[in-house]
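Q: Sequence:
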Amino acid sequence: MDRFLSRGKRSLSIGEETKPKKSHVVNYKEEEQVNRDQEASTNGKQAQRFSELMDIDLDFPEINASALSLKKISRENLDLDYGILFPRRIADNLVRILEEEVDYFTGEMARLHVFGKWHDIPRKQATYGDPGLTYKYSGKVTPARPWPRSLGAIRDLVTRVTGYAFNFVLVNRYKDGNDKMGEHKDDEKELDSCTPIASVSLGQPRDFYFKHQDSKAPLKRNIDKVNMVLEHGSLLLMNSPTNKFWYHALPPRKSALGVRINLTFRKVLKK
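Position 128 of the sequence shown, counted from 1, bears residue number 128 in our numbering, the numbering being contiguous throughout.
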């Protein structure tokens, strides 16, 4: 053991002075100031980045609403319109903006009551709309947060394209193909049945389908599903009476690796 302790020792020559060791005392005031400077720098960069993201014309002058062509899809009691609303460049920018701007639910608001049980929602959700509005679905009441600039601008564009006024939006964020949405109908009583649900898709394209209620038990009618792919920048209108007769769903897909953000604009009846 002694030989290990003695390694590295050397004798001092006559007249050689020992150098004082550096102090290891931490100056906490200086450290706190450094931390504050780093935090301020980070916040400044984030603010600059957000400013750059928002530095686009949200009046969307490149989009001619009157010239937009939507494809009509019709079946028994199903009435849909589908087409590309946003060019790729604008759609890409909107994804980046919404990733910064949308504040998603957490805790109990991130759960659903289905068939008597509470389940974690397999995606992120948020709701925005006009003051005082709420929307009840799957056993929970969601309040309308004030419209962010980007969502308000998209709402106004969808209104110009469709001719319908919308006062509420449900935002669904799918992190990848593992996130999904089960079969359901948006037929809540507080929704204006005369106004279509306008679904804007941004990001990862995903498979989507409609299934007629009579194809399920007990009737089990031979009615084919309507399958489609919701593309990046697309608009889907679910017109009346679609939601009275047809379920819709977004199934999981392992091949879908990217983020998808879906905006479903609605008109909620004021109480």
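Since the hints were made in silico from the structure, they are not lab data. Do not take every clue at face value.
[Said to hold, decoys possible] Restraint-style ranges between C-beta atoms, simulated for each label pair: (1) 149 / 215: 24 to 34 Å; (2) 183 / 111: 28 to 38 Å; (3) 156 / 72: 38 to 48 Å; (4) 255 / 190: 29 to 39 Å; (5) 214 / 189: 13 to 23 Å; (6) 140 / 249: 15 to 25 Å; (7) 88 / 141: 32 to 42 Å; (8) 69 / 111: 37 to 47 Å; (9) 87 / 257: 35 to 45 Å; (10) 228 / 257: 14 to 24 Å; (11) 56 / 219: 43 to 53 Å; (12) 228 / 137: 19 to 29 Å; (13) 141 / 220: 28 to 38 Å; (14) 176 / 119: 32 to 42 Å.
Idealized CB from N, CA, C, for every residue including glycine.
Q: For every hint, state whether the structure bears it out.
A: Verification of the hints:
| no. | hint | result |
| --- | --- | --- |
| 1 | 149 / 215: 24 to 34 Å | 42 Å, violated |
| 2 | 183 / 111: 28 to 38 Å | 19 Å, violated |
| 3 | 156 / 72: 38 to 48 Å | 24 Å, violated |
| 4 | 255 / 190: 29 to 39 Å | 37 Å, holds |
| 5 | 214 / 189: 13 to 23 Å | 22 Å, holds |
| 6 | 140 / 249: 15 to 25 Å | 20 Å, holds |
| 7 | 88 / 141: 32 to 42 Å | 37 Å, holds |
| 8 | 69 / 111: 37 to 47 Å | 40 Å, holds |
| 9 | 87 / 257: 35 to 45 Å | 23 Å, violated |
| 10 | 228 / 257: 14 to 24 Å | 20 Å, holds |
| 11 | 56 / 219: 43 to 53 Å | 50 Å, holds |
| 12 | 228 / 137: 19 to 29 Å | 23 Å, holds |
| 13 | 141 / 220: 28 to 38 Å | 35 Å, holds |
| 14 | 176 / 119: 32 to 42 Å | 19 Å, violated |
Of the numbered hints given earlier, the model fails hints 1, 2, 3, 9, 14; all others are met.
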